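Asker: Residue numbers (the working numbering), protein chains in the order written: chain A, 1235 to 1663; chain B, 1235 to 1663; chain C, 1235 to 1663; chain D, 1235 to 1663.
Misleading hints may appear alongside valid ones.
Copies of the same chain are indistinguishable here, so a pair counts whether it falls within one copy or spans any two.
[Said to hold, decoys possible] No farther apart than 25 Å at their CA atoms in a straight line, the calculated lysine-lysine pairs in the DSS-like style are these: (1) Lys1616 / Lys1657; (2) Lys1391 / Lys1657; (3) Lys1512 / Lys1335; (4) Lys1582 / Lys1657; (5) Lys1391 / Lys1273; (6) Lys1466 / Lys1299; (7) Lys1466 / Lys1512; (8) Lys1299 / Lys1512; (9) Lys1468 / Lys1512; (10) Lys1563 / Lys1512.
No lab work stands behind these hints, which were simulated from the structure alone. Keep in mind it's a predicted model, so treat the numbers as computed, not measured.
Protein chains: 4
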Amino acid sequence: MNYGTLQDFAVKKRKQLHQTPETGFTEFITTYEIYQEIKDTDFQLHIGRDILVSDKRMGIPGEEKISQSRDRALAYGVPETFLRFVDDGHTGIVAVLDTQKPGSHTALRFDIDGLPINESEADSHIPESEGFRSLHSGEMHACGHDGHAAIGISVVKFINDHQEKLSGKFTIIFQPAEEGGRGARSVVEKGWLDDTDYFISGHLGIGDHPAGTISATSKDFLASTKFDVEFKGKSAHAGVEPNEGKNAILAASTAVLNLNAIPRHRDGSTRINTGVLKAGSGRNVIPDTAHMMMETRGATSELNDYMYHQAERIMSASAAMYDLQADIKFMGHAPAACCSEEFIDIVKAACKDNSDIDEIHDVLPLGASEDATYMLNRVIEKGGKATYMVFASPLQFGHHHPEFDIAEHSIRTFVSSACDIIKYLNGSG
Amino acid sequence: MNYGTLQDFAVKKRKQLHQTPETGFTEFITTYEIYQEIKDTDFQLHIGRDILVSDKRMGIPGEEKISQSRDRALAYGVPETFLRFVDDGHTGIVAVLDTQKPGSHTALRFDIDGLPINESEADSHIPESEGFRSLHSGEMHACGHDGHAAIGISVVKFINDHQEKLSGKFTIIFQPAEEGGRGARSVVEKGWLDDTDYFISGHLGIGDHPAGTISATSKDFLASTKFDVEFKGKSAHAGVEPNEGKNAILAASTAVLNLNAIPRHRDGSTRINTGVLKAGSGRNVIPDTAHMMMETRGATSELNDYMYHQAERIMSASAAMYDLQADIKFMGHAPAACCSEEFIDIVKAACKDNSDIDEIHDVLPLGASEDATYMLNRVIEKGGKATYMVFASPLQFGHHHPEFDIAEHSIRTFVSSACDIIKYLNGSG
Amino acid sequence: MNYGTLQDFAVKKRKQLHQTPETGFTEFITTYEIYQEIKDTDFQLHIGRDILVSDKRMGIPGEEKISQSRDRALAYGVPETFLRFVDDGHTGIVAVLDTQKPGSHTALRFDIDGLPINESEADSHIPESEGFRSLHSGEMHACGHDGHAAIGISVVKFINDHQEKLSGKFTIIFQPAEEGGRGARSVVEKGWLDDTDYFISGHLGIGDHPAGTISATSKDFLASTKFDVEFKGKSAHAGVEPNEGKNAILAASTAVLNLNAIPRHRDGSTRINTGVLKAGSGRNVIPDTAHMMMETRGATSELNDYMYHQAERIMSASAAMYDLQADIKFMGHAPAACCSEEFIDIVKAACKDNSDIDEIHDVLPLGASEDATYMLNRVIEKGGKATYMVFASPLQFGHHHPEFDIAEHSIRTFVSSACDIIKYLNGSG
Amino acid sequence: MNYGTLQDFAVKKRKQLHQTPETGFTEFITTYEIYQEIKDTDFQLHIGRDILVSDKRMGIPGEEKISQSRDRALAYGVPETFLRFVDDGHTGIVAVLDTQKPGSHTALRFDIDGLPINESEADSHIPESEGFRSLHSGEMHACGHDGHAAIGISVVKFINDHQEKLSGKFTIIFQPAEEGGRGARSVVEKGWLDDTDYFISGHLGIGDHPAGTISATSKDFLASTKFDVEFKGKSAHAGVEPNEGKNAILAASTAVLNLNAIPRHRDGSTRINTGVLKAGSGRNVIPDTAHMMMETRGATSELNDYMYHQAERIMSASAAMYDLQADIKFMGHAPAACCSEEFIDIVKAACKDNSDIDEIHDVLPLGASEDATYMLNRVIEKGGKATYMVFASPLQFGHHHPEFDIAEHSIRTFVSSACDIIKYLNGSG
């Protein structure tokens, strides 16, 4: 089949979405743009509190951030009435179409959030030179979720346009807040995937291959927990009465060294990182607070749990060391997961005539964390098959880099592959 | 003598100066206000590059900060022509009067800078309730230098008005950038104090006594060095390739622990503090930079040197530990010093009839750092006598606190004491 | 074939050798006992400096230890004339038999050293209750090398007795100092294995299986480097002049924390351990020396090198931190290695009628270090095939435990398997 | 008065006692030697459990050490009957003489224990060259307590011989276990000093002056607490399952760094030292135990308490950091104290004609710890006067050094000064 028009649309829409990146749970403009594109299809649309369990969200931004993003959306043209549905960080859309013909329930998930990164203004950076750089200072689509959202819209349009020739049921999830592993759990807990036969998710631009190479499944997801720690001590004049202080920088430093010294584990890879540390108020004041942004990872959920429990004990002991308090705030989580091997044959059969694809790999070792794993796990637990596919793109700068950019051919390939697989799984003659 | 009018002036002028605090080397408004008050006296005035050795200043703020403060001064009404004299951080004034009659050369020093503290808006805070709170967000006179500047102006006026009855020579130094020990050295190096017979400096609000109590001299100045350290490593994805990073937070943490573990010294008190630590860019990134704001102190200059040299070695070893670079930037310094004991008798004799004073202590143990020590040391080296006096004020909140405030009686006492001492030292019948 | 008599001999000889454990490079009694058992065969015997390159040995014990062990051997009955060949830590024997008939050159290696562990006197410990506990206080065969030596002797006897029916050439290596990875390199460097077709080594009692289970090959050898570090500082009275000291315990503590914090590596498992730390001389003295016994490991030699190079830098930086010296002494090494897969079929075919064996596994994941890897690597480099086999034994207490003991059936199985494989590889009708 | 004979005796007796040094609470030979010298005087003698409160002793040695020292004493010739009085570490003697004439109660204290140091065999070391080096390997009088004991005997003899001309009452305390601050408290608690008018203690060889210089009083005693810490974790194979260990060396290292980082105190000098650290059992074993020997000090008892309480918290947190246990064992203590200023005049008046003395200083700053402070404090609390005198001696090697030796003239001076003061305080015509 020729997907040219749909692919052209996806490429163009991605450029537009690239200009309005919004970080997790503030995707007001993005959700509205998706809504606008698909509101005239036969899909049933669900938004806001209807698509997720509110208190299963993690790492919700502060009121000030939400309020600023809401104001920006208003200024952009998102109607006040629409914003009421998605306010307080209830972003994202789920679109459902039941063909009423017997067949599989196939679900696809597309993540839509941006990152707190200031996009490059380098001439060599295509979004800059072609004029679709981020309009939001300090926020950027540096992980390809602009592409994911555009592809998701294309998939909705494809199913809508071809529903005569399709059977079964479709659920398309536009998920907020994938970065930091904050959104997927709340969507899963709402039950959208409990009776799914096939679940497809994926990512643009991973793996060291030319665009046109895809991977049918992935492995080596690292389970990960994201958390913040706040040490609270007591300030004092560093010259006059140092003994009166309870030094948060000493506690944090002890924590950092001992966290990195958590023993390696017999059973496989583990990770820990203190990525950000901010502490103290003035040169001559014993510092009374220290704020740390941290994460643990493990090759399995058990290994990640091992790291997290060790970290908890070390945090608490580091605070006790200097008679401080340590408050740990849970910020996000992604479990480990495995793809269903059946998808290797499915993808190969479905895409055998796809001319955008040069090569199909069975499985790509990811070595990273992704909260789609919540969804993979739920689907497989309930008896369905699930995959996380990868669409290669040569990258000059890695994900989360201010000059990150993806080849448009990888977007086109994702669109045609998704449509091919839908036809294969839900075709009805 | 009745100093009532002069004291009223000082109290009022301090309230005005309180509203326009400027941190070290950006005292554009403050310098101009002092200039305006004393430009019509018989004193010779020196400003800008004439009063200090430019490259002996320490901890000069960045261009952006200087430029913003300059713009603020222009908006305030300081003429462009005046700003040209004090630009690029060459603030402060020195006023000199030679009576041409034989007599002592007496110098007084008043420091004029504010602090990077946001002043309290509490109703109980008098500058707020009486309407003279800082107009400069994030800057505050939280150390009484507004009072010092107002008293200095009063002293100039007093000498000018009574020059008939005075002999010898007077040098009044309005010094920039005392906070962090950044300004005094550059003034001293210009030679203003090389032929001084008597040198008087002092501070409002130190010591746990009612206003009206003064101390003729001080002891236990802590020598201090202020410095910043920047660790520069290499970032890497914390999940995918942790071994590729050079972790600046690990280096900084190692440094902090080992700095605090520098051995106590046989010869007396020492101090070290890492007051501020900011490091890293994102939770899942091996942090490549860490910025630390630090200080050492010692009961003698030798003890402070001991601490600083140990700290230097520890910084360098902490960087080497993780194959990073450590850049140490010198930010300020104050040596230790001793007052001339002769001033005990001088102050007692000069102020014996001063009705503002309830009690005169011989010596107050300071236990803090103050860059007037550069001046004390120079004067005494050259054969003069020098003191650092203290004018008590009951304080609800300590120096450098957002609610710091001083009793007006302590300002009045400083004015009358200074004038009494001037008459005693330089009176001519 | 019935190996009953040979197996009975091995079991009995192992009990005898169990009583005279000697740590690496002091196996004077052990070498002599092996010599006595095989001196009347047709094998050519090589000992002392003839079997190893003297300066390629690692971790040679101090003179005092060697001299005490030598005296003990004299008292035991080892003749002075024999001791002259093996003195100064040149222990071990190599036995060679060339049948002069065309055929493979097959080599086997047996390690013979004991451990510095005090053997248990618990009634439940069989060597105690059956009366063959170690007679050497503080030394013990807690790793089964007594069994290995006894099996090696049995193999020599077997080949000698059946040489009519065998072809090719045999080299049997009784290697000193396997513990700590200290002996194998020096034997390899002498060239014994440079023209070997088949190389067989192995271990008793590894893997969680009943005796009778064997593994044809092993994988997951961890490369390992063993080293000692000596921090040398300066002592001082801790009360009177703490600043005069250069504190070796502070340096060692900094080293320990930072060594354990070496980043995990993308490419696989790594390990580091400070197993022993001894420092200081008295409670009230700033400690001037600290001695650390350490090791690194890695799933590949590259990963072990990564750990060791990081460790070197951290040691040096920890010394610099307190102005001390760090002397690193190389104590032992084992590279990573792979077995030749061909041995899976060889072992299965050779042992297919062996009634001592219940089950043959293809490959056992070892997850430990073993200096036989030097030999595996050399043989394979030169074009031969090599394996490291494992003979299971249920263990109540692990290797290196004071109550370690092995099932005699595992010894019998090792004997019969080795003979079966020799017949298979070198049989001549 | 000519004290020549008595001084000759003291010098000779000290040489004898120098040969049989015994560490705290094992002074069996020493106590017996003192007993032998004074048993025929008119003094009432008290030994063993009669002179101290058994459970107020601190840091009692283990049974094995006590038993070995007891056997050594038996071999030396101390009768079994005598040993029964002083067994289980109840060493020391108190000698009391009441003249029955009205007068002051004057007490003197002499400490008698040696140190666990191996005495030098250098030719330049006088005890070696003159043939009175320690006969006890690993024990030495390296702090002059051999001299103190000999002087104490001389004082008893002097009082006994001159009792006709003396009035009042005398208590001479030969105290065990001064080193480590272990013995004084138990003697004080027995009440010997509760009705003392004058108390005299002192030390040989402190201060940088020639022999013949004495100090009437001392100041700057550092309060000190001695304690041992045992970390108990869990061992595991460092290669195979590092995660199963609970690493005592990591806990100890964390403790060391953080202990040295306890904040300096506004109120004065503090000290902390980990003098000895022994941990771990083998290079490839996660270490399960670590033993630390430690001490805190402070210029006042409050400052020492501050350090000790901080140390306790840090120990406990360091154990919690790695899920270990920390057992803290109290090993000794000395409070801070002040001498009675009245003794300055007493000593000067009493010794004004003493020809052994060249110079009398009022007060010597000690900067060290000494458990005589328990006694000074008790006497002064009860209304008496107390001093700690110092008798200078030029030293080539400091106290606690293997080549420590004192000038004999300092012993002679101590004898004559003590007798002069006794005559002055208790003379009766």
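Asker: Looking back at the numbered hints, which does the structure fail to meet, lowest number first?
Answerer: 3
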